[in-house]
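2 protein chains.
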Amino acid sequence: MARVYNFNPGPAALPEEVLIKAQKEFVEYRNSGMSIMEMSHRSPEFQDIIDSAETALRDVMKIPANYRVLFLQGGASSQFAMVPLNLFRKSKKADYIHTGAWTKKAIPEAGRYGTVNVIASSEDKNFNYIPKVDKSAFSSDADYFYICANNTIYGTRFTEFPDTGDVPLVADMSSNIMSEKVDVSKFGIIFAGAQKNLGPSGVTLVIIREDLIGHAMDITPTMFDYKTHADGGSLFNTPPTFNIYMAKLVFEWVRDMGGLDAMEKHNFSKAKVLYDALDESSMFSATVAPEDRSIMNVPFVTGNPDIDARFISEAAEKGLVGLKGHRSVGGMRASIYNAVPAKAVDALVAFIRDFEKNNS
Amino acid sequence: MARVYNFNPGPAALPEEVLIKAQKEFVEYRNSGMSIMEMSHRSPEFQDIIDSAETALRDVMKIPANYRVLFLQGGASSQFAMVPLNLFRKSKKADYIHTGAWTKKAIPEAGRYGTVNVIASSEDKNFNYIPKVDKSAFSSDADYFYICANNTIYGTRFTEFPDTGDVPLVADMSSNIMSEKVDVSKFGIIFAGAQKNLGPSGVTLVIIREDLIGHAMDITPTMFDYKTHADGGSLFNTPPTFNIYMAKLVFEWVRDMGGLDAMEKHNFSKAKVLYDALDESSMFSATVAPEDRSIMNVPFVTGNPDIDARFISEAAEKGLVGLKGHRSVGGMRASIYNAVPAKAVDALVAFIRDFEKNNS
Chain U
31 MARVYNFNPG PAALPEEVLI KAQKEFVEYR NSGMSIMEMS HRSPEFQDII DSAETALRDV
91 MKIPANYRVL FLQGGASSQF AMVPLNLFRK SKKADYIHTG AWTKKAIPEA GRYGTVNVIA
151 SSEDKNFNYI PKVDKSAFSS DADYFYICAN NTIYGTRFTE FPDTGDVPLV ADMSSNIMSE
211 KVDVSKFGII FAGAQKNLGP SGVTLVIIRE DLIGHAMDIT PTMFDYKTHA DGGSLFNTPP
271 TFNIYMAKLV FEWVRDMGGL DAMEKHNFSK AKVLYDALDE SSMFSATVAP EDRSIMNVPF
331 VTGNPDIDAR FISEAAEKGL VGLKGHRSVG GMRASIYNAV PAKAVDALVA FIRDFEKNNS
Chain X
31 MARVYNFNPG PAALPEEVLI KAQKEFVEYR NSGMSIMEMS HRSPEFQDII DSAETALRDV
91 MKIPANYRVL FLQGGASSQF AMVPLNLFRK SKKADYIHTG AWTKKAIPEA GRYGTVNVIA
151 SSEDKNFNYI PKVDKSAFSS DADYFYICAN NTIYGTRFTE FPDTGDVPLV ADMSSNIMSE
211 KVDVSKFGII FAGAQKNLGP SGVTLVIIRE DLIGHAMDIT PTMFDYKTHA DGGSLFNTPP
271 TFNIYMAKLV FEWVRDMGGL DAMEKHNFSK AKVLYDALDE SSMFSATVAP EDRSIMNVPF
331 VTGNPDIDAR FISEAAEKGL VGLKGHRSVG GMRASIYNAV PAKAVDALVA FIRDFEKNNS
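The listed protein sequences derive, respectively, from chains U and X.
Residue 31 is where the first sequence starts when you use this note's numbering, and the numbers rise one by one after that.
Residue 31 is where the second sequence starts when you use this note's numbering, and the numbers rise one by one after that.
It should be emphasised that the hints constitute simulated quantities derived from the structure, not laboratory data.
Hints may be right or wrong, so weigh each one.
Identical chains blur together in the list; that is why a pair holds if it fits in one copy or across any two.
When the alpha-carbon atoms are kept at most 30 Å apart in a straight line, the in silico DSS-like pairs for lysine-lysine are as follows [as the list claims (entries may be wrong)]:
id	residue 1	residue 2
1	Lys257	Lys123
2	Lys135	Lys257
3	Lys216	Lys120
4	Lys348	Lys51
5	Lys122	Lys216
6	Lys257	Lys122
7	Lys295	Lys135
8	Lys123	Lys302
9	Lys54	Lys373
10	Lys134	Lys348
11	Lys51	Lys211
12	Lys302	Lys373
13	Lys134	Lys257
14	Lys165	Lys51
One chain only, chain U, in its complex shape (with noise of 0.2 Å):
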């Protein structure tokens, strides 16, 4: 059948120039007579793909010098545990603000290694908005200071960051890294499982300021202490040769496009299209408070879970797949990632407006 117009929350909708030239090569990669899945992770094959891969990243990212690049696995799962048993070190203390399903489960792994203070939470509201915070609350020996910059589930997003002055911020990014511009410099440690704006699932981008590195508690499995992949440059062992190389392509893919600026206007703009046909519709509703919307991520409830299903039922019949929402929220959910095309999301809203036309 045609490619279908994909809202997947992650793994997600890869960009179709990415997917196919990634076909291509399949079989044999270049003129080497063999897949990059055949070829050892030590040979230069290899090496330039993943030296590729950080060089792209690094310009599309601006990632300042002082801050190592590594490629893990595990997903963001494991960075709940490797954030705390890396950078719990002096106080043994961290600030979180929980605004949903991935602080839920980072808060309580980090609190096991250490002291949590959660110093705002959104859930009084069903996560629907981001907390503000007022620095009085921040401790000030705090070992770190940890968000997730955007909530996939709730469809949340940080539009500013809190200013944790000498403690180091740390932020899950996972569902959207490279949606728009950030300013690197500002952050301990960025992390990402791949599979929403980075590549298939797999591979976890973790971007660390290199003075964090080199601190893990002494009960640290050797994988989990970033000096472990720092040191070897992400090659301490056979890493996830496919999935780098897929995420190599699309941050070239990122680069081509224009880079995070043209990236950002793309999203705000797709994400404007549709947040105004939601706020138009008297059917149709975001979930989100407007100032905290997410670009990447949208909830939205016509109230009537009957009416949802139908909804969702109908427009996978018009190829418009991956809008069923999270169960915490219920409804419809439209993530709409880097590689999710304006015409999709144009597809999406007409199909909005001649649904309700057709049931009012």
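Knowing the structure of chain U, use the given hints to seat chain X on it.
Okay, now just chain X, sitting in the frame of chain U:
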């Protein structure tokens, strides 16, 4: 260029049929309108893929019902920590047989969480044999007994497994899993990084007896607790979906080839052809004691590093690649995994004979 004969130690050769099949459905999986990499890991399509992978694996390896199959990330190196973190529970002691590079990493990692008793080692002869162990040396109160079933670097292989009685036997089978028949019921845990016999790198297979799940030490990161992944059906967090799909294709390929009966014949036959040629040669010799020779990794040397280097270089010109030995052994190493066809070994043997003739 033409497909080369690939003797890489890992990542390594994959069955050409598998690569071609995966290439065909790379951009669009079946009639879904999207790539596998763009599908939710919670979709019925992916559930079918991971279920089919497990079914084929259980069928091929005849895995008893009281064993769980887990698809994890982080490679064997993560298992070096996961095994002690999950299995140290009573005496916090374990017996290890030291057979080279991999146990050299596994032993100190376990030693961080309990007491490791190295009951035998082949370090005295640069690990070119499997030490014979006497049951009287085993610790009867050990929480587990650990071996590396096949050493990729030194080319040794356990032909008989130690009878550890009630003490669970743990085997790192990264480089020989599915190469020959094995009685899974003799083991507590079998684990393997995929990138030799199972698929591309980025997925780690763990086969674990059910009663060993659920006893992790308190300090164990959630992602390093086998229970997390057993309870979640390997879907606690987003798994490496494409890598699991590739492993499924490889498992099905092994099954279609006639399972481990056929694979074992295929591998012993290839190994015999190569070892016979080396034993007959007056220029080349295999480095491992005949009774402990791996059927997957065959190191050999001339004794002259200059001649070795010329051999490797001339072989590569003839499309025989990946033959450079590991620096710990020097010389050459041919890794002849399941996906390496008999004709590749025949071509290598012909080249060995030609080279010897032309250089005597």
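Status of the hints after comparison with the structure:
1. Lys257 to Lys123: both (21 Å within a copy, 28 Å between copies)
2. Lys135 to Lys257: both (24 Å within a copy, 16 Å between copies)
3. Lys216 to Lys120: Within one copy only: 21 Å inside, 46 Å across.
4. Lys348 to Lys51: both (27 Å within a copy, 29 Å between copies)
5. Lys122 to Lys216: Intra 21 Å, inter 44 Å, cutoff 30 Å: intra-copy only.
6. Lys257 to Lys122: Classified as both; 19 Å inside a copy, 27 Å across copies.
7. Lys295 to Lys135: neither (32 Å within a copy, 48 Å between copies)
8. Lys123 to Lys302: neither (39 Å within a copy, 61 Å between copies)
9. Lys54 to Lys373: both (26 Å within a copy, 26 Å between copies)
10. Lys134 to Lys348: neither (36 Å within a copy, 57 Å between copies)
11. Lys51 to Lys211: Result: close within a single copy only, 27 Å intra versus 39 Å inter.
12. Lys302 to Lys373: within (13 Å within a copy, 60 Å between copies)
13. Lys134 to Lys257: both (27 Å within a copy, 19 Å between copies)
14. Lys165 to Lys51: neither (48 Å within a copy, 57 Å between copies)
Of the numbered hints stated above, those contradicted by the structure are hints 7, 8, 10, 14, listed in ascending order.
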